[in-house]
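Given the structure of chain A, go ahead and fit chain B onto it with the hints provided.
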Amino acid sequence: MDNNTFHHALKIREDLCIGCSHCMNVCPTEAIRVKNGKSVLIAEKCIDCGECFRVCPVSAIIIDHDDFNRIFDYKYRVALIPSVFTGQFPDEISEKQIHSVMMELGFTHIYEVENGVEILVDAINKYAEQNPVQRPLISSFCPAVIRLIQVKFPSLVDNIIRVKPPLDISAGFIIREFAGSGIPAEEVGIFYVTPCAAKIAAIKDPVGESSSSISGVINMDFLFSKVLRQVKQKKSDTCAIPTSGELTARATCWSLTNGEASQLSGRCLAIDEIHNVIEFLEKIENEELNDIDYLELRACDESCAGGVLTTSNRFLTADRLRNRATNRDKAPVQKHPEGFRDISSEKQFLEDNISIDPIKPRSILMLDENMAEAMKKMDRVNRIMMLLPMVDCGICGAPSCQALAQDIVQNNAKIHQCIFIQKILEQKGEMSLEEGVSVMQDIWGFSKTNKYRDLKGI
Amino acid sequence: MMHFEFPIEGGNFLKAGSASSQLKKILKQLNVDPRIIKRVVVAAYEAEVNVVAHAYRGIIMIDIDTSRICIQLVDEGPGIPDIGRAMQMGFSTASPEVREMGFGAGMGLPNIKSNSDELSITSEVGKGTTVKITNYLEQ
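Going down the list, the protein sequences come from chains A and B.
According to this note's numbering, the first sequence is numbered sequentially starting from 1.
According to this note's numbering, the second sequence is numbered sequentially starting from 1.
Do not take every clue at face value.
[As the list claims (entries may be wrong)] In silico BS3-like cross-links for lysine-lysine, where the CA-CA straight-line distance does not exceed 30 Å:
(1) Lys96/A x Lys226/A
(2) Lys127/B x Lys376/A
(3) Lys25/B x Lys377/A
(4) Lys360/A x Lys25/B
(5) Lys38/A x Lys75/A
(6) Lys45/A x Lys132/B
(7) Lys35/A x Lys38/B
(8) Lys38/B x Lys414/A
(9) Lys377/A x Lys127/B
(10) Lys45/A x Lys38/B
(11) Lys132/B x Lys376/A
(12) Lys113/B x Lys126/A
(13) Lys132/B x Lys283/A
(14) Lys132/B x Lys377/A
(15) Lys283/A x Lys113/B
(16) Lys15/B x Lys377/A
(17) Lys414/A x Lys35/A
(18) Lys113/B x Lys38/B
(19) Lys25/B x Lys283/A
(20) Lys283/A x Lys15/B
(21) Lys132/B x Lys25/B
(22) Lys38/B x Lys360/A
(23) Lys456/A x Lys428/A
(24) Lys360/A x Lys127/B
(25) Lys38/B x Lys283/A
Honestly, the hints are just simulated from the structure, not real lab data.
Please read these numbers as outputs of a predicted model, since none were measured by experiment.
Chain A with its partners taken away, still in its complex shape (with noise of 0.2 Å):
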């Protein structure tokens, strides 16, 4: 993979972006601009948490899946679910209708991604053990925090453990299952429903690993839908035993908010929400926490339950998962005789291959690579913001001024898209009212000034 490049789910559909600029305050490492009355995504700032998702009111920004006929392209077509799928159905519909469904709609076999748990829980007792010094190791689960931590946090690279998260243990586990029974591995399509667009980037473009093992991404929303209907217009039973192997209570629960902080050993915290998350990871930095052993740090309100391709609401979701997990320990569910084995028959196999590469750090705050540079453009920026009001009104399509002040030191955006600056050069003479209008029209597009040109009868 091109280092300069990074593969986003997110994208933002032109034909239907109005430049309204929500996403763009919301933005938590600011990586949208408004150009020609478009948003742009800078893509080396952006870390798929999906924020600009929820906000667009023209549902302009879209999650790039794969299309779901692409399951056909093999001849045994795994869905790998998280526990939060069959968390977003209403009560009345049982997990044994919606695989029923699933099989129906084509696939062969359905495997729940947080079997994987079983194995990760010692595997990540044992790596706290070989690392004594290196604290708090922060958990590897949520790649929209990995890349958070990558560009905004590049000292804490070192903190995240090696370890891979239970999607790939289980997406491993898999193709081991096939090979085992001397299937290969391209007749076996993994497709992995996901709740969202960060666990798409990291298949698309993984962090610490070569390569993926997942053959496609399909986005829960469209899958839940999909599945719901069907489950309303007919009662289908014909999959009496669910294939997936039985989620234990730990495993049920581990991608909700405190699943990994509360099975692990030491003191734990769990944070979640995107902006918790990075006001946490500044304390880190600064070393003012000595005494956490175990970080587990969720892009998402309530975690995956609150992912943004998630329909249910996510306290509901939580709730349901929670309650499964109750029951399933009073109340064990039979298994499927031709499902998978269990996971821990190849616990061995699938802990020699649990370790990812180190994690890179990707700064996107520095100014410049050199030094002697860099302290020139902040003299610059620091010059520029003096002028700026600092009032972060986002009209010249940056999110802040201080945002606007870095773009011009960059020499992507120019002082006078500042509205404070127009009066200021209006009233020196050094700017028309025409010329103004034209540069907020580069800003906001042309259709944003026809009121202008109405009232001069242009």
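Showing chain B alone in chain A's frame:
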């Protein structure tokens, strides 16, 4: 060569660490090696907290060039009567109130020392303390 100054308010723990956070932001923008940033910021943070915990007011002055980062904290405060003792791990004169807020464990000065390449402390009892921390960039 760049120069920055931030005032530090004595006794106001709500703002303790804000100068160090500013410093961290600056060093990140200058593309300083993350490992050096960590050392510099930890030392600056401890020193800043010391001013907040013990002095009436102070100022942090930061000088950066391509070879080194120099931080000078000058405060008006009670001063340190025995610097040698203050450098010992676990020695603390912090009040119970300060300790309750999670500060004053007697790790401050030793921690500054281990995170700086050069450290000099001068103090006059009843007047104040000056702490000078230097970290070099090319190692």
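Of the hints stated earlier, which fail here?
-> Violated hints: 2, 5, 6, 7, 8, 9, 12, 24; rest satisfied.
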